[in-house]
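S.K.: All chains should be modelled from the sequences, with the hints used to inform the complete structure.
Just so you know, the protein sequences line up as chains A and B, in that order. For the first sequence, counting from 1, position 151 maps to 151 in my numbering; every step adds exactly one. For the second sequence, counting from 1, position 75 maps to 75 in my numbering; every step adds exactly one.
In short, the hints are calculated from the structure, not lab data. Among the hints, erroneous ones may be present.
[Unchecked claim] Each pair of labels, with its calculated beta carbon distance range:
1) A/275 to B/92: 35 to 41 angstroms
2) B/253 to A/204: 39 to 45 angstroms
3) B/48 to A/254: 33 to 39 angstroms
[Stated by the list, open to error] Taking beta-carbon pairs under 10 angstroms as the criterion, some of the chain A residues facing chain B (in silico):
4) 52
5) 54
6) 74
7) 166
8) 172
9) 178
10) 181
11) 224
12) 226
13) 249
14) 250
15) 251
16) 272
[Claimed, not checked] Computed footprint of chain B on chain A, listed as stretches where at least three residues anywhere in the stretch have a Cβ under 8 angstroms from a Cβ of chain B:
17) 20 to 33
18) 229 to 237
Beta carbons are placed, not taken as given, at the ideal position from N, Cα and C, and that holds for glycine.
Protein chains: 2
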Amino acid sequence: MSEFHVLLIAGTHGNEINAPWLFEQWSKYPGIINSHGLNISKVIGNPKALKCCKRYISSDLNRSFQNELISNNSIDEYEILRAKELVSTYGLYGISPCHIAIDCHSTTSAMGNSIVVYGRRNADLAIASLLQLRLGLPIYLHEGDKTQKGFLVESWPCGLVVEIGPVPQGLLDISIIQKTMLTLECFIEEIYKIKLGKVHFPKKLIIHRHLRSIDFPRTEDGQITALVHPSLQGSDWLPMSNGTPLFKKLDGSILRYEGNDLPIPVFINEAAYVEKNIAMSLTKREIWDFSNDWKDAIIDLVFNQSFP
Amino acid sequence: MSEFHVLLIAGTHGNEINAPWLFEQWSKYPGIINSHGLNISKVIGNPKALKCCKRYISSDLNRSFQNELISNNSIDEYEILRAKELVSTYGLYGISPCHIAIDCHSTTSAMGNSIVVYGRRNADLAIASLLQLRLGLPIYLHEGDKTQKGFLVESWPCGLVVEIGPVPQGLLDISIIQKTMLTLECFIEEIYKIKLGKVHFPKKLIIHRHLRSIDFPRTEDGQITALVHPSLQGSDWLPMSNGTPLFKKLDGSILRYEGNDLPIPVFINEAAYVEKNIAMSLTKREIWDFSNDWKDAIIDLVFNQSFP
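M.R.: Written out as structure tokens, the structure is:
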């Protein structure tokens, strides 16, 4: 049986440069993060885009992990080839198989230190629970959005995104790096405690479940006509109510939220999502009972590298 | 004699997208800014870079207005050709000559609503005085820096940069746009008042005179080894003293300012300046007596299109 391996990824988007800088420093000074003897592979997701400080070269790498793309040998787009390369190197059946992938991102939105999980995989929810118990991180559960798929971590049996902001693209910010560091340290410690049989899981998990995304108001030919309202800017994770200002036009007119479901917005005004027609995503805050299936899944993965 | 013309420029850097959006809205809804009957030309500085949301294609357009570059016919770099095109169209001896250029920028630094003037041209200082009297804007006097030259506004007899932040590159932020709007409105009104003979100049001008720039600490091969200290991030325009933390390493060690000259930092951690080896610039706050030469220069320019 192979040994348990962790994959840490930075620079999946080439203009999110803080985690790549952290990885570089960590390679130079291995003592800055204690790896507790874990097998850890660190990799830059999109080195070509990182060099140009661009999100991507041809297409978004973090939407490229779709079977129909990766298995299509006639596609020669850089990011599809890179996705294929990462899976054939670090994937479960790759040269250096890894069992958990942690993908480190940053955002221009005021997300703070947060975690994104994709769908409801047991092992993902176990790790998310451990990180939330330790650090109180909010967790965004991205699911049921057919327009956004092919996320990197989905190609591993367990995987999460660490999402930290606000920080401009292409800007080194030590407070963003320290938050990334804290989350990675905490993740490594929790895996280590699982290996020692000393881990404690919480009784509840608070998640922010994806409901839907909202685009900017646009003209018929796609021009944006109103911008995120100043009072909403930076208000990620804070519930909206009926009448909350959403967008503002230059003539002063305001578009307001209509509905009584008190959604919680995330990724408000993320610069990279304009092209995806997302001005923000709305979520519902839910408190879930911790499930022993989650615990069993992560323990199986760590000890036996087995998974559903 | 030709008539007095104003040139307003947005998108000189293609990833500073707020002023271009304002220009687009202003073209669609001319009522949002009162032009008071002034002759105003609006132009996108670097349309090709704006389309890609990049600072520039080949080289920084706002360093390309150097006579030896523009007059060299063997250079075919996009930005040099564009600089040449802008001067031959809107320059003093161009097809549609303009006499004042206002170049609208944004920055990732917390500069607020500010003005940059290059050197000590009388008409520039007159306009800066009027804007400061009206809006209280801080003014950064960039001079004596041989490594940074070829700024767009220097190719017009009078010209200033409007510099507003913090905002990530590539992000639309209505509060940034409203600050840009306010400054342009105020500029137009002051020119209008000059034309009416009803302008009032202040008695003093407060400027922040450029002293020098500081680079990030780097290894011999140019790798950045320490980042702007969290307590300094966002502290543009606030005096530093001996011992003020400048940079922080991931091991927690801090590099501090040494000196008793109480410099005032600007452009702290501007994302685009990393490649220029500038982590911040230091200035000295000075209070200058308003000079009648400044007033005479702007009045001459507005009424007679004459200048030194």
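S.K.: Take the hints in turn and mark each one as holding or not.
M.R.: Hints, one by one, checked against the model:
no., hint, verdict
1, A/275 to B/92: 35 to 41 angstroms, "holds, 40 angstroms"
2, B/253 to A/204: 39 to 45 angstroms, "holds, 40 angstroms"
3, B/48 to A/254: 33 to 39 angstroms, "holds, 35 angstroms"
4, 52, "holds, 9 angstroms"
5, 54, "holds, 8 angstroms"
6, 74, "violated, 27 angstroms"
7, 166, "holds, 8 angstroms"
8, 172, "holds, 5 angstroms"
9, 178, "holds, 8 angstroms"
10, 181, "holds, 7 angstroms"
11, 224, "holds, 7 angstroms"
12, 226, "holds, 8 angstroms"
13, 249, "holds, 8 angstroms"
14, 250, "holds, 5 angstroms"
15, 251, "holds, 6 angstroms"
16, 272, "holds, 8 angstroms"
17, 20 to 33, "holds (count 6)"
18, 229 to 237, "holds (count 3)"
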